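Novice: Chain by chain, the residues:
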Amino acid sequence: MLTKRLSLVQAVLMAMALVVVLFPVFWILMTAIKPPTDWNASPAIWFPSQPTLINFKTLFDPAAIREYGVGGVSQAATDAVFGSILASVTATAISVAIGLFSAIGISRYGNGSKSTPLVILSGRMFPPAAIAVPFVIMFSTIGLIDSFTGLIAIYVAVTLPFSTWMIKSFVDDLPREIEEAAMMDGRSRIGAHLTVTIPLIKGGLFATTMFVFILNWSEFMFALVLSYTNVSTIPVQLAKYVTATAGTLYGVQAALAVLAMVPLVIVGYLIQSHLARGMTFGAIKQ
Amino acid sequence: MNHSPSSDISAATSPQAQAATGRRPGTGIGKAMTIPGQVVSVLVLVLPLLVALYMSFTDWSPTRGSLFDASFVGFENYSELLVYDTRFLYAVLRTALISIICLSLEFAFGLGLAVLFMREFRGKSLLFSAFLTPMMILPVVVGYIFWMLFQSNGPINQILEFLFGAQACVEWFRSAPFAVTAVIITEVWHWTPLFFLILLSGLNSVPENPVRAAVILGASPRQVFWRVVLPMLKPVIIVAFVIRSMEIIKLFDEVFMLTRGGPGSSTETISLYIYKLAFNDFQLAYGAAAAFIVLIGSLVLVHMLLAPVRDQLLDGGR
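Listed in order, the protein sequences are those of chains A and B. For the record, in the first sequence the residue sitting at position 199 is 199 according to the working numbering, with numbers rising by one throughout. For the record, in the second sequence the residue sitting at position 69 is 69 according to the working numbering, with numbers rising by one throughout.
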């Protein structure tokens, strides 16, 4: 399109939009460094009177907050943080590994069947609350409830359509001739894929891994219904802080929220050119 | 669409091209490669779905022992839901209303912002990242942030008071219309960046020639945009709507953090209602039936939306 410079009115509009977009982020960052006296002040305090890291400290040592006269914080978030890392990293690795092979299989040898992808897409539409019900039943029968194995299995299954379809779109971008040339040189089909295809989609593989990690790290409902005492993740812990005995632990919650969102925002910026592709199952490639 | 350079949505493989290729060698290897994925899908998605389907025809609840001992009640759950359960009906209507309002606003804001980004200005790539930030934050955290912002002594009320005086302050979570508004604002803030991202990539790949031709023929910038550019964006717009509809039908995390469906059940979405049925009231069979009604409804809806762009979306660049 024909490019023009931004007019003054447009610049003002954009500045306003920017404020709206960034204000909530500013608010959570500020709340995370507020001392308990500022948490629920009325009217709300925009800039903490005495910036402190006590909220972050409390996440790993519930007793730390007592020096401010706040009692009753019984739960450490340590388990939740490690739970989130364990579940997301493992599930992401498995999902991408399985997705990689499915993607090459479908892209290079698929018979062009239209029904498989439709089934996958339809699966995405089913409310997770409803899939969670049979999971709870099945998992209690086979002893997988409240276990990381169970949670990881679900995460793999839920993100598999994304990893498969995103990787497939990268494989599709690769001309077949490159692999065929490798086969002429005497490599087997599998060998050609391992030594030619996979190295060439490295960037895409990285983007997919990060994208699937975002999905797993953000997941809430399955973790909520499938975890009691052994398993906890950050989103579940965040919800729990509302009902904790000490009332609402604004600052501590905010600290945990910041801890949860910082890795995602960093990862998100890293792969921002691939976000559209991930979100649209590879339909849009920019 | 086959020769269209107009969008980055890749053209579908034409049937002729497929026929010409025929059955390729190495099909067996291809099948083998997809086996792990299929096994996982069957074990962890199809099997639970079948269990849920069976369950939806029984009166099972966890207090009554094993699922296999539950008595078969036919379509009783379904008829109860569709005919008598007004709470379910309202949850469906509410989700539909929230979806329509959110998607319209997200589309409007996203398109506006994308159009601004077609202009030249400094710091473009930095601003681009900044505008994408909301969609990178996890839904639970977004719900939590806005829950704080909407507190009666929170910053949103402070700003309202500053602008319009004390009578403009609102108890956001105490009345149904305001609680729904809060949910919509949260959702729009969270997902407008996705529309922006998709529409901008669409706008960037609009070919220059038709635009130039229209300008030479004397079209005003406004006409060029509405008559030339926008029609070419249609497939991209539909993809954005389909993807977002699929997600917003399942709206749960943000509402759970913001209102837990309250006050009363006035912000209860379908997902939240099913969640409460299953995990607060332990009416698992009934909840499963509700889920299948929703599934069938959303399948029909999304496939209608998808019809014009199905090939582009599903073939993802062959």
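Simulated from the structure, these hints should not be mistaken for lab results. Remember, predicted model here, so these are calculated numbers, not experimental data. Virtual Cβ for every residue (Gly too), placed ideally from N, Cα, C. Watch out, some of these pointers could steer you wrong.
Heads up, simulated DSSO-like pairs for lysine-lysine below, C-alpha to C-alpha not over 30 Å straight-line [what the hints assert, rightly or not]: (1) A:K240 with B:K276; (2) A:K202 with A:K57; (3) B:K124 with B:K276; (4) B:K124 with A:K4; (5) A:K4 with B:K276; (6) A:K202 with B:K124.
Away from chain B, derived, C-beta distances all over 10 Å, residues of chain A [to be verified]: (7) A17; (8) T31; (9) W46; (10) L86; (11) A153; (12) M184.
Output of the computed footprint for chain B on chain A, the stretches with three or more beta carbons under 8 Å from beta carbons of chain B [said to hold, decoys possible]: (13) 96 to 110; (14) 208 to 214; (15) 248 to 256.
Novice: Can you name, in rising order, the numbers of the hints this structure does not satisfy?
Specialist: 2, 3, 5, 7, 8, 9, 11, 14
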